[in-house]
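> Based on the provided sequences and hints, a complete structural model is requested.
The primary structure of each chain is shown beneath.
Number of protein chains: 2
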Amino acid sequence: MHFKIRPAKKEDCKEISRLIMELAVYEKMPDQVKIAHEVLVFSMSYNCLTPDPQFHCSTSVELERDGFCENPFFQCLVAEVPEEHKSKEGFTVVGYALYFYTYSTWKGRSIFLEDLYVMPEFRGNGIGKGLLCKVAEVGKKKECVRLQLSVLDWNTPSRDFYAAKGAQDLTVSEGWHAIRFDGQSLDNLANEAAKI
Amino acid sequence: MHFKIRPAKKEDCKEISRLIMELAVYEKMPDQVKIAHEVLVFSMSYNCLTPDPQFHCSTSVELERDGFCENPFFQCLVAEVPEEHKSKEGFTVVGYALYFYTYSTWKGRSIFLEDLYVMPEFRGNGIGKGLLCKVAEVGKKKECVRLQLSVLDWNTPSRDFYAAKGAQDLTVSEGWHAIRFDGQSLDNLANEAAKI
Chain A
13 MHFKIRPAKK
23 EDCKEISRLI
33 MELAVYEKMP
43 DQVKIAHEVL
53 VFSMSYNCLT
63 PDPQFHCSTS
73 VELERDGFCE
83 NPFFQCLVAE
93 VPEEHKSKEG
103 FTVVGYALYF
113 YTYSTWKGRS
123 IFLEDLYVMP
133 EFRGNGIGKG
143 LLCKVAEVGK
153 KKECVRLQLS
163 VLDWNTPSRD
173 FYAAKGAQDL
183 TVSEGWHAIR
193 FDGQSLDNLA
203 NEAAKI
Chain B
13 MHFKIRPAKK
23 EDCKEISRLI
33 MELAVYEKMP
43 DQVKIAHEVL
53 VFSMSYNCLT
63 PDPQFHCSTS
73 VELERDGFCE
83 NPFFQCLVAE
93 VPEEHKSKEG
103 FTVVGYALYF
113 YTYSTWKGRS
123 IFLEDLYVMP
133 EFRGNGIGKG
143 LLCKVAEVGK
153 KKECVRLQLS
163 VLDWNTPSRD
173 FYAAKGAQDL
183 TVSEGWHAIR
193 FDGQSLDNLA
203 NEAAKI
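As you go down the protein sequences, you meet chains A and B in turn.
For the first sequence, this note's numbering begins at 13 and goes up steadily by one.
For the second sequence, this note's numbering begins at 13 and goes up steadily by one.
Wrong hints could be hidden among the right ones.
Stretch by stretch, here's where chain B covers chain A in the computed footprint (C-beta under 8 Å, at least three residues) [what the hints assert, rightly or not]: (1) 91-103; (2) 127-136; (3) 174-183.
Simulated coverage check for chain A against chain B, where a stretch passes if three residues somewhere in it have a Cβ under 8 Å from a Cβ of chain B [claimed, not checked]: (4) 19-26; (5) 157-170.
DSS-like mimics (lysine-lysine), calculated; alpha carbons at most 25 Å apart, straight line [as the list claims (entries may be wrong)]: (6) 21/A - 22/B; (7) 152/A - 207/B; (8) 22/A - 22/B; (9) 153/B - 22/B; (10) 22/B - 26/A.
Hint data in this document are derived by calculation from the structure and do not stem from the laboratory.
Note that beta-carbon positions come from the ideal geometry of N, C-alpha and C, so glycine has one too.
Below is the structure:
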């Protein structure tokens, strides 16, 4: 199937938001993905409404604000198919790769792939691989020496795919753990800063 | 002990490079840290020369280029003590926190703490905690909802410190693994992009 990968424009944010929602449903509720996906696809709003009240993903307005400003927080590529191959629901933007630049004080510039997603009915056409390779190409052009990403341990298809392409699992090989402060714990830290 | 935390200036890059080197020695060679530290401290060049030929950390020139340009790849805070408390070797910049902004499509703006380091002889004075809190404050001002970082599994003092401050270990609680492409595997991906 023919497809095109191109940098996202501000006008794509509504479509990207829809795809973020689909990916979130897949990652957040692996056992319910089928039904959740149907709920999603037949929802008219794509407004992050799911059975899980904790569930939130970036809306189109947030994406426009954070990705299309001076010093953007992220950048994005989208995969597009021609009109004649549009999805059942009429979509032509069928996948995305959202990334940003990070920095290693040991190695220098890095690119981090936050999200990589292709709609289920378009998988098996090389679109996911295409998006990954294009992000690598963008990174190399910016003189990045690493492309990093995070993956869930139960997501064997993705882990195998990355391993087959030569990636290292740093959690397994070197013992790196991801640590997060948010909500009250983040507020507490920030409030203590005022006393210093 | 009195100390001040302030944003790094371009002129601080030589000092930051020295501290990066110390942290790298600590993380890379835990069993050899004492001797490696002495090698480092008595080296006149601080030029990333260690017994490990794989060992490289960002030089002052790289830091100036990548951190003090338009759209910088990172930002940095330094901890400074007054002249009368300078280190044995005469240093007053005794710690640093290097960070950058990332993005979660579920939650929005995040801040990532890449390095946090305080020289051993200045530990126990709240400087590390001060740097962490100041980064949290910087993040909150930018409307970040998360502060994230990575830690090695053998680094129990740091893991305990973050846990005591309310951080979640996402590798333990949710199963997130860190994946990396670099060297040949990154080149291979980028080269494949040209064929798409």
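> A separate judgement is required for each hint: does it hold in the structure or not?
Status of each hint after checking the structure:
Three residues within the 8 Å Cβ limit are the bar, and the stretch 91-103 of chain A against chain B gives 0, so the coverage statement is violated. Coverage of the stretch 127-136 of chain A by chain B is violated in this model, with 1 residues showing a Cβ closer than 8 Å to a Cβ of that chain against a need of three. Closer than 8 Å: that is the beta-carbon criterion, and the stretch 174-183 of chain A has 8 residues meeting it against chain B, so the requirement of 3 holds. With a threshold of 8 Å between beta carbons, the proposed coverage of the stretch 19-26 of chain A by chain B is violated, since 0 of its residues qualify and at least three are required.
Given a C-beta distance limit of less than 8 Å, the hint that chain B covers the stretch 157-170 of chain A holds, as 10 residues qualify and 3 suffice. For a cut-off of 25 Å, the pair hint linking residue 21/A to residue 22/B is broken: about 34 Å separates their Cα positions. A C-alpha spacing of about 16 Å is found between residue 152/A and residue 207/B, which places the hinted pair at or below 25 Å, so the restraint holds. For the hint pairing residue 22/A with residue 22/B, the CA-to-CA distance comes to about 34 Å; that exceeds 25 Å, so the pair is violated.
With a C-alpha separation of about 23 Å, the suggested pairing of residue 153/B with residue 22/B holds against the 25 Å cut-off. Between residue 22/B and residue 26/A the alpha-carbon distance is near 40 Å, which puts this suggested pair outside the 25 Å criterion.
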